[in-house]
Amino acid sequence: MSNFASSALSFIYIGILMMLSAELPTMLLSLLLLLCLWNLLLANKGLTRPAMLATNLLAAALLAVLFITVNLKQSVLLFVIMLLQASILKLLQAESAKQQQTVIVLTFFSISTVFLYQQSLYSTLLVGVFFVTLTIALASLNGLPTTRLAMRKSIYSLCIAVPLAALMLVFVPKMPAFWQLPGANTAKTGLNERVDPFDIASLAKSDELVFRAEFNDDQAAPPYYWRAMLHTSFDGKAWVKEKAPAYERQNIDWPAYTGSAQIYLEKSANPWLYTLGDGVSPAADVRNINDGLLLRQDPSASNFKYPLRYRPQLPAALSQYEYRYYTQLPLQGNPLARNLAKRLLAKSDNVDAFISELYEHYRYQGFTYTLTPTPITGSNSLDIFLTQTQRGFCGHYASVSAFMMRSVGIPARLVSGYLGGENVGDSNYLSVYQYDAHAWVEYHDGEQWQRFDATSVVAPERLNGSLSQVDQLQQEFRANLDLGLLQLSGFKSLNWLRIQLEKIDYRWTKWVLGFDQEKQNNFLKELLGSQFAQYSMALVVIGIALVLFVILILSSRHRKVQLTFSAKQLAKLFNAADNSSLLSPEQLTPVAQLNYLATHTPRLKTQMEQISRFYIQATYEQKPLTKKQRSEFRKVVNKSIKIIG
Amino acid sequence: MTALLRKAFAPLHHQLQDWLLRDKHKTTSLTLGHSTVYVLPSKLGFGFILVAALNFILAANYQNNLVQLSSYLMLVLVLMSLIQSYANIKGLQLQFKEVASGYANQERTYRLSLANQQRNSYAIQLQWQGSTTLVEKVEDSSQDVSIQGGKQARGYYKVPRLKVFSTYPFGLAKVWSYLDANADYYVYPAPQPHNHGLSKQALDDSPQQNSGALSQSGNDEFDGLKEHKQLADYRRISWKHFAKREQLLVKEFITEADGAYVVDFEKFPGDVENRLSLMAYSIEQAQIQHMPIAVALPGLILACNNSDEHYLKALRALALYKKRGSHHE
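One line per chain: the protein sequences are A and B, in this order.
With this note's numbering as the guide, the letters of the first sequence map in order to residues 1 to 645.
With this note's numbering as the guide, the letters of the second sequence map in order to residues 1 to 329.
Calculated from the structure, these hints are not laboratory results.
Heads up, a few of these hints could be off.
Claimed, not checked - Simulated coverage check for chain B against chain A, where a stretch passes if three residues somewhere in it have a Cβ under 8 angstroms from a Cβ of chain A:
id, region
1, 133-147
2, 172-181
3, 264-274
4, 303-310
To be verified - From the derived model, a few chain A residues whose C-beta atoms are all more than 12 angstroms from chain B:
id, residue
5, A51
6, A54
7, S154
8, Y156
9, F178
10, T258
11, I384
12, D516
13, L524
14, Y620
To be verified - Below are the DSS-like pairs computed for lysine-lysine, each with C-alpha atoms no more than 30 angstroms apart in a straight line:
id, chain 1, residue 1, chain 2, residue 2
15, B, K137, A, K98
16, A, K174, A, K519
17, B, K158, A, K98
18, A, K98, B, K267
19, A, K525, A, K174
20, B, K43, A, K568
21, B, K151, A, K98
22, B, K137, A, K45
23, A, K90, B, K151
24, B, K322, A, K98
What you are looking at is a predicted structure, and each value in this text was computed from that prediction instead of being measured.
Where a beta carbon is used, it is the ideal one built from N, C-alpha and C, also for glycine.
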């Protein structure tokens, strides 16, 4: 029995480690996996467990590896890994049922830490399986005669407990955070504060969801340029994010922001949020900063949602200082790009004309869009791209264009964010994935900031929707994607499946993960009326007490008397006979009763004799009825019942 | 520290428990129901609740609904465990059988039978005298169970309370009850093998009886007896000297156990316990051989006899010697 628990725990920890594999350093991950496998071996081969000293040394070694491989600033990750290490080592030592029970209880905490990093429906289902397995393991360590019974009891208990817990989640008033805790860092964003596309040979893209946008109006139309951050200085090689701290916007003219959307952000440790054009948010934990961007007050690991108000035009004014700031370039480098810009400017007499010349240049000079560009190393990378390779993705075009604009005195900056998003099956929301990451340019034409995106001429389809939907690039796109359902989107049925799963996940995110204090308040007020909403806690307590009481009553019922097959058949027959008042008024034995029926109701005579024979055989002669006899028995009884009534 | 506290409060604890339990459990047969069963989360259950609380704090601070759900789920599981534990043990019938008397070097065995007419009970644990026995399944037909207790010093004991408990199904809740059977048993001194002879203590030898005893011989035990006979002759000489010291005894002895082999406290060496052990051995051997013996303890003489009751009486006398009146709990 204890074997089952120990093996189950090994598998659970392997599962947890795999789910957190993206967060853990490879070395630590493989070490911990090895320990789990070791324990699996110990549990099933009955080998001796390592001595206390050995385990302590192992613990020290693991701690050393942990502190070498994990950044100390990632306090939550450190904590999670230490918890996992301690639990796995404890598991390795646990010999007796009592020790294993302790590990199981600890594991109920370990599985919760997975939710700090993953909250998708599928992860939740997986953790749910862990939960069930843990309860089975607990029961199996508790002297139950069979693991089967342990399973039955666990599943029965959870079938009742899960709805109750869900009820509590809905009705028990939510608590605000007690303490400010550090967030669980995740560095998986497709965006980077430094845009340096030139030494990338292949843009590996992830199909991880970044956020979903639910539009509350119908004025939104593609292309959707989701702005996240600005890169305002060029260091000779890459465009980097502004170092100066952002300042809070004052006196926001709310009515001017006519667009409205609700953004459901997947968990992310990044401070930046996403907006269409110039955006603001009334949410308290969102900072509205200059240039129409949004920052998150306290980036932590949890999922996050915020209302967004937006308008297409960007803040316009440009001070003298800002003009200088947005036209700064290193004095040296990339002479060909500077020359080309000068030539293009010479052909045109104003900013607009220059921009069209630049578009024309990209369109007709053999530039192509690719996710697998030729890597360019060394200095003057912009020149090499412009004149030699001419193949690149958004980052290449944006970098070169902004550089050329600045070189001729047009204020310009790089914007990174996401382009498009997938509109799944006519829903009113967009799903934006990591592979939709995009970079483009904003330039100031003297009156206001304008968008410049060379992708619109090099790969125009890219503007209308997600990268996954651009036919021309699909082959290349799939080749660059980690294996996933999206990669198989060429198959119609699989694509359909992908879309259905995506829809389910959307609802999951919106209704389960996004069920916050505000939503709860609204829900309770709507359900109970505003004056009774405060009593929801009492409602829960009463509700749970009631359910538990019912369970108590139900489980206190006496054992059912198991009727044999023939007794059941007879009961059926006598019931029917009783209804037609054919039964003897006296208390008789079953056989005597059958005789009574045979003599007093002649039309039943043959059947009663037959039934009597069967009954005597099964009950008194200890000869079990064969299958054939059983069905005959049943037939005769049914026939008799028909005759009776 | 806690041990010290526990020791200090032990009498109070006992009194409190007695008062709480009243006389509900003072019976030899008990069917467990709501008035005789006690339910609380187990130690593991409290640990489980602690982890649930940790999860709750984690959930509140990260505003994480899934962790919150897991925390609530754990809490509900504990509550359900309380109910299921109780429902599992309800209707369990305990029928005290016996705790057999025996020697001090043997372990006591508590025998009882279990049944449950209402439903199957699983994972029932019986705790008695510090040792625990697990019964995996109790059905409607009654089932005999014996629990091996520890060894005890000689004496007369009331049967200590039996604790019946279960942590079914998950080990998170503990239900328990007691069976305080009103029965007693004796623990006889541990027999200690020896070669000291039994003296035939009488003023005149009666050869018939002697040969009668010897005629049953034919094994090792009675080789010893022959030796004793020689010793007996020797002892007869010093008899008066002995009689002066224990006058009363001698008189009784002479009148009641005339001409019998006597297992005599005074004839054995060593301290009281040692002598009792040696006597117990002699009585045990005599019982095996159905040899009539008389037993002499300071202040008590049992006349020569070879009935089973007689041996029993003798052993009880040894068990109680200088312990009379002091019942062990």
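Outcome of the hint check:
1. Coverage of a stretch by a chain is defined here by at least three residues with a beta carbon nearer than 8 angstroms to that chain's beta carbons; for the region 133-147 of chain B and chain A the count is 4, and the condition holds.
2. Here the region 172-181 of chain B counts 1 residues with a CB under 8 angstroms from a CB of chain A, which misses the bar of 3, and the coverage is violated.
3. Requiring three or more residues with a Cβ within less than 8 angstroms of a Cβ of chain A, the coverage given for the region 264-274 of chain B is violated, as only 0 such residues are present.
4. Counting residues of the region 303-310 of chain B whose CB falls under 8 angstroms from any CB of chain A gives 0; the rule of at least 3 is not met.
5. For A/A51, the shortest C-beta to C-beta distance to chain B comes to about 26 angstroms, beyond the 12 angstroms cut-off, and the non-interface label holds.
6. Look at A/A54: its CB is around 26 angstroms from the nearest CB on chain B, clear of 12 angstroms, so calling it non-interface holds up.
7. A Cβ of chain B approaches the Cβ of A/S154 within 12 angstroms, the least distance being about 8 angstroms, so the stated non-interface status is violated.
8. Residue placement check: A/Y156 does not keep its beta carbon more than 12 angstroms from all beta carbons of chain B (closest about 9 angstroms).
9. A beta-carbon of chain B is positioned within 12 angstroms of the beta-carbon of A/F178; the least distance is around 6 angstroms.
10. At roughly 31 angstroms, the least C-beta separation between A/T258 and chain B is larger than 12 angstroms, which holds for a residue marked as non-interface.
11. Remark: the non-interface label on A/I384 is consistent with the geometry, its nearest Cβ contact in chain B lying 47 angstroms away (cut-off 12 angstroms).
12. At the 12 angstroms boundary, the C-beta of A/D516 falls inside the reach of chain B, the nearest C-beta of that chain being 7 angstroms off.
13. No beta-carbon of chain B is positioned within 12 angstroms of the beta-carbon of A/L524; the least distance is around 15 angstroms.
14. Every Cβ of chain B is farther than 12 angstroms from the Cβ of A/Y620; the closest lies at roughly 22 angstroms, confirming the non-interface assignment.
15. Distance restraint check for B/K137 and A/K98: the Cα-Cα separation of roughly 21 angstroms lies within the 30 angstroms cut-off, and the hinted pair is therefore satisfied.
16. With a CA separation close to 10 angstroms, the supplied pair A/K174 and A/K519 stays within the 30 angstroms bound.
17. For the proposed pair B/K158 and A/K98, the alpha carbon gap of about 33 angstroms is over 30 angstroms, so the pair is violated.
18. The hinted pair formed by A/K98 and B/K267 fails the criterion: a straight-line CA distance of about 54 angstroms is larger than 30 angstroms.
19. Proposed proximity of A/K525 and A/K174 is supported: the alpha carbons are some 14 angstroms apart, at most 30 angstroms.
20. Between B/K43 and A/K568 the alpha-carbon distance is near 47 angstroms, which puts this suggested pair outside the 30 angstroms criterion.
21. For the proposed pair B/K151 and A/K98, the alpha carbon gap of about 27 angstroms is at most 30 angstroms, so the pair holds.
22. Under the criterion of a C-alpha separation no larger than 30 angstroms, the hint pairing B/K137 with A/K45 is consistent with the structure, at around 28 angstroms.
23. Distance hint between A/K90 and B/K151 is unfulfilled; the C-alpha atoms sit about 36 angstroms from each other, more than 30 angstroms.
24. Proximity of B/K322 to A/K98 is assessed by CA-CA distance (about 45 angstroms); at most 30 angstroms being required, the pair is judged violated.
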